[in-house]
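J.: With chain A fixed as given, assemble chain B onto it according to the hints.
Listed here are the chains, written in short residue letters.
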Amino acid sequence: MSAAYATTLGRTRHTFASLRELLGKATPRRSGDELAGLAAASAEERAAAQSCLADVPLAEFLRTPLIPYETDEVTRLIFDTHDVQAFAPVAGLTVGQFRDWLLRYETDDATLAALAPGLTPEMVAAVSKLMGNQDLILVAAKRRVVTSFRNTLGLTDRLSVRLQPNHPTDDPHGIAASIADGLLYGCGDAVIRINPATDSVPAVETLLRLLDDLIHRYAIPTQSCVLAHITTTLQAMQRGAPVDLVFQSIAGTQAANQSFGVSLALLGEAQAAAQALRRGTVGNNVMYFETGQGSCLSAGAHHGVDQQTCEVRAYAVARAFRPLLVNTVVGFIGPEYLYDGKQIIRAGLEDHFCGKLLGLPMGCDVCYTNHAEADQDDMDTLLTLLGVAGCNFIMGVPGADDIMLGYQSTSFHDSHYLRQVLGLRPAPEFEAWLEAMRIVSGGRQLLPLTADHALLSRF
Amino acid sequence: MKTPLPKLAAARDPWLELQRFTAARIALGRAGGSQRTATLLDFRAAHAQARDAVHAPFAATALLAALDSTGLTGLLLNSAVTDRTSYLRRPDLGRILASTARQTLTDLTTAPGYVPPDIVLIVSDGLAAQAAENHALPTLIPLVGELRAAGWSLGPICVVPFARVKIQDEIGTLLGARYSLMLLGERPGLSAPDSLGAYFTARPAAGCTDADRNCVSNIRPAGFRPPLAARKLAWLLNTSRQTGQSGVALKDTQPDEHLATT
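Chains A and B are the protein sequences, given in the same order. Mapped onto this note's numbering, the consecutive letters of the first sequence carry residue numbers 1 to 459. Mapped onto this note's numbering, the consecutive letters of the second sequence carry residue numbers 1001 to 1262.
These aren't lab readings, by the way, just hints derived from the structure by calculation. Even glycine gets a Cβ: it sits at the ideal position worked out from N, Cα and C. Hints are supplied without guarantee of correctness; some may be wrong.
To be clear about the criterion: a stretch of chain B counts as covered by chain A if any three or more of its residues have a C-beta under 8 Å from a C-beta of chain A, and this derived list gives those stretches [what the hints assert, rightly or not]:
(1) 1033 to 1040
(2) 1203 to 1212
If you want the ones that stay clear, here's a sample from chain A, every Cβ over 12 Å from chain B, calculated [as the list claims (entries may be wrong)]:
(3) Thr-111
(4) Ala-320
(5) Glu-431
Pairwise CB distance ranges, derived in the manner of DEER restraints [stated by the list, open to error]:
(6) B:Ala-1062 with A:Thr-64: 55 to 63 Å
(7) B:Thr-1085 with A:Thr-156: 42 to 50 Å
(8) A:Gly-300 with B:Ala-1249: 16 to 24 Å
Next comes chain A alone, as it looks inside the complex:
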């Protein structure tokens, strides 16, 4: 057993009874950890915790499970799949030394890709707590995580967009109108996906067919997804519905996943069922996960572990299923977890960095709710920073206003801002389609369109 952790700052000696407590208190300030009673009591205690954490050997995380191996299947997954050989290059480092190592010129994409199976989520969460926003951006920007289904996502200098055409009553014409709008704005290469208003098998099947018809009629090199519960999607597949991607919200503890009605076994079952359909033409990454800091606390299932570390544990769940897309829905959960624009921006950068370091195709729903102290200017800031950090995809919602879920995300227009300012292009297969459809020219500039465009002919 390890002794208590301690450090002296000025004349004050700060002690931390456990690794769990140390991680919580070393976390940059956020309302969710304060709600859970895990946050540092003062700015000084936080700084002391970070100093103390910097001296903890990475190997200590392999000796000290934060949540017991015996009672949590996520802990078992983390320990049972840890790759000792991959870990070897950093095995002798402390958390603070690991930060320096990540920032070195020599640590490049290939180095980080080889390291990923040797990292546990707790190591990654720990180092992120010591990193400034620029560190989170710099290291993430080194890493490309490429996945594929009907197109190739995550390549260098590419930015993809998830087209989100939600309608409050799942009206097929309303959804189709928003899809046409998004496609005519050059968006939809990550996925065209719908949040159904009701989790019903017939309704989900209707939406899946609508998307499938559209994708095949116009030969769009992209994939579809309807965000029903995974058991609903499994039933839809059994009924022969055209399922491209299996969606599920996941979290970093077994108990939180139980509150979502999922387990690792169920995720594996759904992955196998979707892969067996062989609907991908370029690749066969069939899983689409959503996560977000605060979900374990919200489910009363955090085991005294801070919300950011819980979030990174969810990425360990995700990586076991080789997903096409992982989306951190950063500002959706509300001000009791991330209070304002500053906390949302920091969390978005942490999630993107931590996911990338673990080898995940990270995207971010840059978003906020109307009860958070945030506005569209905060989203502009996070969007820009994630673009610089090499985020795989962002959301495209008509006018940034999701009329079904009642929150604000990023608009189709926002993606053009980011593409212009950073020189980013859509996924290559999708870019070729946009050019052929005379929607976009030169990869980035929208062309003038008329009402007789082919995409509008069915209305």
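T.: Chain B alone, transformed into the frame defined by chain A:
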């Protein structure tokens, strides 16, 4: 010398007429690839209204009076939250009853002749007081009608300001109800500052999680219309009563035609 500026309608995209299918902000037009000034300012105004909606007070006593006038028995209960700011920052307090409210329910159930109901219905302002004020009654009246016709016995309709969904477990447990159903204001969207959500669970208990609940969302005249939402909830509850299950184990397989034609 000046180049004439385009008129507002001409600045929208040529597929503007698709707006008849959706309230989504489509065909906005663009300045380069960016939002035009007019649509940017529209968005800011809508956000301002939604921000104001979150902080609006809840007229709980008026709702109780309205329940009374329709012959339904209402009961005012308080959660452990006392003001809007702590409601936003302390969801844990919104999930539990104030001790006075707990006492009110205990007194009720220990009175002679008390019979536990099949279902207790609960209303809260949640994050949008106007949703509860405007749409709770139009949902409750047809729902109560359908449930009574199907033989359900009802407890008092509990009106609970500043509550979260989980409080339905405590209220259901204290009343000994077999089912607990809650209507509460969802967080306001820019286009829908007045959406009501409905959540229910079988066998309400402290250990219930979201996986045990069924949800019907976006209940409002321009969304899932209250009478149709009531019908859907009654169908789900009657189906649940047959299988004894709620949450992810209860799938909504009701054909769409049933909703449209009745």
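J.: Verify that the Cβ of Ala-320 (chain A) lies farther than 12 Å from every Cβ atom of chain B, and report whether the claim holds or is violated.
T.: holds (21 Å)
J.: Can you tell me whether the CB distance of Ala-1062 (chain B) to Thr-64 (chain A) sits inside 55 to 63 Å?
T.: holds (56 Å)
J.: Using a Cβ cutoff of 8 Å, are there at least 3 residues of the stretch 1033 to 1040 of chain B near chain A, or does the coverage claim fail?
T.: holds (count 4)
J.: Regarding Gly-300 (chain A) and Ala-1249 (chain B), is the given constraint of 16 to 24 Å on their beta-carbon distance met?
T.: Between Gly-300 (chain A) and Ala-1249 (chain B), where Cβ atoms are some 20 Å apart, the hint holds.
J.: For the stretch 1203 to 1212 of chain B, do three or more residues have a beta carbon lying closer than 8 Å to a beta carbon of chain A?
T.: holds (count 3)
J.: Glu-431 (chain A) clear of chain B by more than 12 Å, beta carbon to beta carbon?
T.: holds (15 Å)
J.: Please confirm whether Thr-111 (chain A) is truly not at the interface, meaning its C-beta sits more than 12 Å away from all C-beta atoms of chain B.
T.: Answer for Thr-111 (chain A): holds, closest chain B Cβ roughly 36 Å.
J.: Determine whether the Cβ-Cβ distance between Thr-1085 (chain B) and Thr-156 (chain A) falls within the hinted range of 42 to 50 Å.
T.: For Thr-1085 (chain B) and Thr-156 (chain A) the Cβ distance comes to about 46 Å; the hint holds.
In summary, the structure agrees with every hint in the numbered list given earlier.
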